[in-house]
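Protein chains in written order, with this note's numbering: chain A, 1 to 75; chain B, 1001 to 1356; chain C, 2001 to 2526.
Among these hints, one or two may not hold up.
What the hints assert, rightly or not - Derived lysine-lysine pairs resembling BS3-like cross-links, with alpha carbons at most 30 Å apart:
1) Lys67(A) with Lys2075(C)
2) Lys1153(B) with Lys2495(C)
3) Lys67(A) with Lys2326(C)
4) Lys1111(B) with Lys1031(B)
Honestly, the hints are just simulated from the structure, not real lab data.
Nothing here was measured: the structure is a model prediction, and the numbers come from that model.
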Amino acid sequence: MEELLEILQDIDDSVDYENETALIDDHILDSFGIITLISEIEEHFDIEVDAAEMTPENFNSAAAMWKMIQRLQEN
Amino acid sequence: MTQSSTKSIVKLILFGGITLLALVIASAMMKPTKWFDEKLIQDRNARTVQMMEQPAYTIDVFNLGDSLSTAGFSPMELWREQGYTSFNIGADGIRMQEAYYAVVEACEKQKPRYLMIESLVLFRYAMGQDLQMTLSQPLYHRFAFLKYHNIWKSLVEEEGIMVYHRGYTINQNVWEYDGEEDYLLLDINDPNSKLSVSALNSMTFDRIKRFCDARGIEIIIYSMPSAKNYNQVRVDAMASFAKDKGVTYIDLNEKTDEMGLDWTQDTNDGGDHMNLNGARKVVKYYGNYFRNNLDLTDHRGDPAYSDWDEELVEYDKLVEEMEGKSYLDIYTEKKEKEWDEKYRKEDTTNNNDVKK
Amino acid sequence: MAIYTNLYLLVFLPVVLIVYQLAPKKARWGVLLAASYALYISFSKYLVLLLMATSAFTWGIGLWLDKIGEACKAKQAECTDRKQKSEVKKEFQKKRVLALRVGVLVLLGILFYVNYLNFVIDNMNIFLGKLGTQLPLVKVMFPMGISFYTLEAVGYIADVYWERYPAEKHLGRLALFLSFFPQIMEGPIARYPDTSEALFAGEPLNMANLNEGFLRIIWGLFKKMVVSDRLSYLTTHLFGNYQDYHGSFIVLAAIAYTIQLYLEFSGSIDIVIGSGKLFGVTLPENFNQPFSAQSAAEFWRRWHMSLGNWFKNYVFYPITVSPMVKNWNKTARKKYGKYWSMVGTSAMALFPVWVATGVWHGAGWKYLFYGMYYFVILLFGVAMEPIKEKNYAKMGLDPNARWLKILRILKTWVIIFTGELFFNAVNLKAGFHMFFSIFGNFHISSLWKYWPNVITTGDVWAICVGSVIVWIVGFLKEHGVDVRGKILNARTPYKWSVYYLIIFAILLFGAYGTGYQPVDLIYAGF
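I would like the entire structure built from these sequences, with the hints used as guidance.
Structure below.
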């Protein structure tokens, strides 16, 4: 989770990722931020994020992203 | 029904009722002749509104139709020729649904002997717009507020310059028609043009006829001379339509020689509409036709119709002033004069500054 | 029967509302479906069969996808280890991809045939003409709403493929989703789970929904009839006679058209969303004060949002996570660094999005240009982002300073007005002519002198006052004031006063009446 937060801070350090739960819905993280985010987490966590995972539910909060990462790591 | 749903229905009905009431009151206030000068209305309702200003029961002939009818017939000329009173109650691009209500409203205080209908209106229809008009025209008729709602524009804009003489506006531009002389043999250029009368238009015509029959008004269908709008197919279609409906049909396109119509002098837009020259010839023809075939009274000398004589004097004066011109020309001249005055003043001021 | 006509508002809607309410709960969705098909037939007649076939086809593909998925799970249950399960999955995945491809290709193929084939043929004929042959054009009738319902159908199939929700087993539900009458003319483009429940629930009408829907509808009518319709006379004249105008008049044309487009489109969407709300169906929003955007990218997150979201979800993201792009990204990161690989990935994803967005609006070079125009601007924005941040820091400026915000908004406006100039020009050549003529001979004084030639004083008053009212409401919304909520929650006398004010503003100042041509909806040709 720490690594994830670091990655997110790198992309945009003005956001409080611990508490924000509407990163996608409120356009806090935009589509280009997502591109960077995905390439970073794929590299760091050695997972493949495919199109089926691209939902607001998976990206609206750091916690949701972490859940997705763990799930993808298992498969 | 539950109590809350009854409450809802009551609310809905109340809301609708208040809206209706407000519309009725606003429409009553909008009745021209009561609350505002009818000259404020210069758009397509101008003729209707001015018609309603006429002294009651003084008009003998109505001329209904689209711009062909209003450009090609001048009531003042008919008055001059024969002393018959007439009025143009048509409007540009008029459709049958609007035409019906034009007749109804014109007849509020009038009982003309004859209603002349220019035939092009019967060839005008389009499915979608017709359905709309069938709904909207009665609404405009019943709620004057909807019909004249544009009046606020007259309050902020300049006064209109067009003068209507019993529904006719003077136009003396000349733009000759240089096409085929036997234009009745040509096809009509507009791909949307219809060559037969639609069922809906036929039904609306029946409505107009019923309205007129009940009042003893006789209908005459006619076709204005128009090289751009008429050919043999349309004229024949109209002849058989009129026969079906049991009304007289006069086709002026086949009488252009008799009328002495000159396509180099008598049209203001290359064969579409008549100008004043053409209108005079049309009126002369109708004047004779009316005198020989119809039952009309020559009102010249009757003091109750003295306003017609007065207006004829003004009309002739304006015709002389406007020789060769139309209202568009007058408007353009007026604007140019205004701009010259406004901006030449500025230029001289600037030049003075520069000189200093 | 368009949504702004008295036929729709005074006859169709009330009749459907009454029949809906009187129908038993289980049958209400059927009323909506019948009404939707009735409206559709009034526009496109027998082409309703195409809509029905598309619905059935989409339904079939969804079921097929689910069936393959179930067969896969069944076979997986028989497996003993993870490796086997993974093999089975791969095998069935191929079948699922096939079903997806068939579904998407057929749907897009129909759309291509109807909207774009003749454009392609026309352009091919330019080359073929030199060889002495010509391809004949195909005869097509235009099915209303095909650009909207096709996207909804493709989105549905993609969602089912991605197992976001199970396929809909009930054909009627899917058919209603695709054909729901308020949406069929101008959108918004919805996702299946957003609206299907409410559409099918058959909830009775209630006062809260009726009030909200009604207010939405009359507000939309106000925007369209008082302001937008008047502007259309001006823009039609200026764009139609563009060779006669230059300089400040062209700027006026661009600005006027943008305002006209926004008010007419958002006004129509208000009527659409309001119509849905009457029946308790919440349709997705399409506009979020687009002119307070501080960049072109932000603008497209606030303008025609349902279209932007569709392209984001079904084109942009899938491309960014596609194997080809990912592989390029991996190598690019090592070779060129993070910044350039991000720019490159963005370009690869943005390009098809903007080609598609451009031509979605129409088959024409000007639409393609429109899309590429924004592609370049948005890509430039992406590339400049980190540099911009550094510059702000260097100059010691607070990027959130008021005056900077205003500057950015104004800059965005210039971008938008220019884009719309090309969008509405007769064709691309005319667009360039108009654009360059701004710079030769620009005198604002000529606008001051000659504007009465192109628009009347009364129209100017109505447009200005109306626009200011709309602007104020938007400004309040942007700063957190829920104007609509406040009105709807006010006590009845105040609420009804607002209703009556709007209604009489429409009846008094609206551009309607015999002699006014009904202004065709700009987006209804899709």
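Numbers of unmet hints, in rising order: Of the numbered hints given earlier, the structure breaks none, since each of them holds.
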